[in-house]
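Participant: Given these sequences and hints, build the entire structure.
Same order as they appear, the protein sequences are chains A and B.
Those letters in the first sequence? Residues 0 to 179, per numbering that gives the first Met the number 0, in order.
Those letters in the second sequence? Residues 0 to 311, per numbering that gives the first Met the number 0, in order.
Since the hints were derived computationally from the structure, they do not count as laboratory data.
A couple of the hints might just be wrong.
Only some residues are given here: those of chain A computed to face chain B with a beta carbon under 10 Å [claimed, not checked]:
1. PHE7
2. PRO16
3. SER17
4. PHE21
5. PRO31
6. ASP35
7. GLN38
8. PHE73
9. THR103
10. LEU126
11. ILE153
Bear in mind that the values here come from a model prediction, so they are computed numbers and not experimental data.
We put the beta carbon where it would ideally sit given N, CA and C, even for glycine.
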Amino acid sequence: MASEDEEFTMLFQDFYPSLCRFLECLLGGRAPLAQDLAQESFLQLHRTAWGTMPVGEARFWLYRVARNLAINEFRKSHTRYRLFDRVVEVMSPRARNPEQEYETQERKTLVLEMLQTLPEDQRTALLLREQEQLSYREIGLVLNVSESKVKVDIFRARASLRERWNKVSGLSRYAGVGNS
Amino acid sequence: MNCSFTEKVSSLVDGELSAVEAREVERHLPGCNECQQLRADFLNLRTHIAGFETSLKPEVQKRALEKILGTDRRVPVPRLRWSFGSPAVAFATLVIAAAIIGLLFYQSFNKNDRNQEQVAQQQQQNPAPVPSRSTEQSKQQQPQATPEPAREQQPAPNKGAEETPRRQPPRKIVREPKPGEQFAVAPDPTPIRPADAQTLTAMHFEKSETLLLAFRNVRLNEPGTAKEVDHERKRAQQLVLQNMMLRREADAAGDVQVSSLLESLEPILIDIANLPDRPDENAVRTIRQRVERKNIVPLLRVNSTALARALD
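Facilitator: So this is what it looks like as structure tokens:
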């Protein structure tokens with residue numbers, strides 16, 4: 000039992016932050032909610048599946064559960080958060096703050112906003128690829144779709160993001176930062 | 000994006016192309032500015048997305064882990080719990096339960112056997128005057144048949160016939176009990192299933208109603224009076240025994256309405272069955288008045304109709 004808890008703790012330390020990041024990007028911000036959902040995913044793993052599945056598969060299982068929880072959250076609070084986002088946008092203090100101080104935050108917000116323009120399946124596939132570095136096959140396992148669909152989804156997501164990014168002229172602006 | 004290699008550029012960035020395809024795209028890239036720009040943009044996008052940092056505080060992570068590890072595992076679904084204590088107690092409980100069920104079955108079968116044995120014994124002890132149930136049934140189904148004295152009894156209906164309640168049992172002709180003799184020994188009622196009992200009761204009510212109506216219309220002091228009274232008396236004699244049997248069944252089943260009606264009917268049937276060959280006018284009138292006073296004919300009609308509807 001103790002060794003099981005130690006193994007679980009190691010898995011938690013390794014993947015809880017990345018799961019929070021994945022959920023935050025998937026949800027379009029809302030870090031506290033992302034952390035709650037990440038915790039709920041680990042809690043379900045600990046209660047139901049831990050010890051019955053190989054540790055290597057637990058990661059995919061976690062992302063699948065987390066994505067389902069996020070989708071449930073979309074359905075529950077889509078309208079509420081859309082209104083909340085409008086209010087945040089109007090009341091945003093970005094204009095009053097120095098640009099350098101908030102450059103990181105601005106870039107982060109931009110990434111989140113761009114990601115939110117994508118369909119959910121494309122967004123999830125792209126995040127699992129770019130942030131978690133899962134292969135197409137692994138992404139297919141998490142999302143329960145074929146590799147070819149994953150490949151097409153990721154390409155369309157990138158093409159769409161690139162087009163939008165160029166429109167807001169962010170890409171050229173941050174390209175230097177990314178390449179540096 | 001007009002170049003046909005654009006999708007392959009995306010796969011190349013992800014390292015998902017085969018070696019042959021990767022070499023093909025690598026050879027294409029130096030000559031295609033669009034694909035070069037595409038590749039650079041895809042890599043820049045990757046930098047921004049992968050470089051996204053979440054604002055996770057270490058204490059939040061620690062609290063989450065403590066909360067998860069502090070919860071019980073595999074207990075989210077509430078289930079029924081058997082509080083037997085130990086396997087030995089559970090086994091003993093099962094054995095006792097099985098013994099009780101077995102005893103109940105044994106008693107029910109034994110009771111049936113005892114009833115059958117009692118019937119057989121009574122038939123052996125009183126072979127002539129006690130009509131069997133099947134005899135009564137056959138008589139009730141054929142009330143107009145003129146009874147013939149002292150005929151040999153046919154064998155009892157087979158087991159299959161007993162198991163199908165709606166099937167008519169084979170007709171039997173038995174010796175007609177003499178007046179007064181039939182009341183000496185009451186027939187032991189064999190268990191009747193509810194469908195049988197209801198059917199017999201409905202038929203009994205119909206026949207009793209017919210009998211009482213016919214008896215009400217008997218004309219006294221006319222040439223054919225004796226013959227008419229004799230006919231009605233014989234019919235009443237047939238119905239008395241069945242009336243007693245059905246009344247007991249109704250009592251046992253707790254059917255108060257049918258039981259009380261049969262109880263009211265019984266003395267009337269007995270009086271008719273015990274009439275002399277040439278009855279006194281006053282005796283017939285007294286019976287008629289009792290029938291009228293008890294309002295028995297409409298009650299019989301109502302109950303026979305209700306039972307027939309229930310059986311349908």
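Participant: Each hint should be assessed against the structure and marked as holding or not.
Facilitator: Okay, the hints, checked on the actual structure:
1. PHE7: Because about 7 Å separates A:PHE7 from the closest Cβ in chain B, which is inside the 10 Å limit, the hint holds.
2. PRO16: 5 Å, holds
3. SER17: 9 Å, holds
4. PHE21: Holds. Min distance 9 Å.
5. PRO31: 9 Å, holds
6. ASP35: A:ASP35 check passes; min Cβ-Cβ to chain B is 9 Å, inside 10 Å.
7. GLN38: Where the cut-off is 10 Å and the nearest Cβ of chain B is about 4 Å from A:GLN38, the hint holds.
8. PHE73: 19 Å, violated
9. THR103: 8 Å, holds
10. LEU126: 7 Å, holds
11. ILE153: Where the cut-off is 10 Å and the nearest Cβ of chain B is about 6 Å from A:ILE153, the hint holds.
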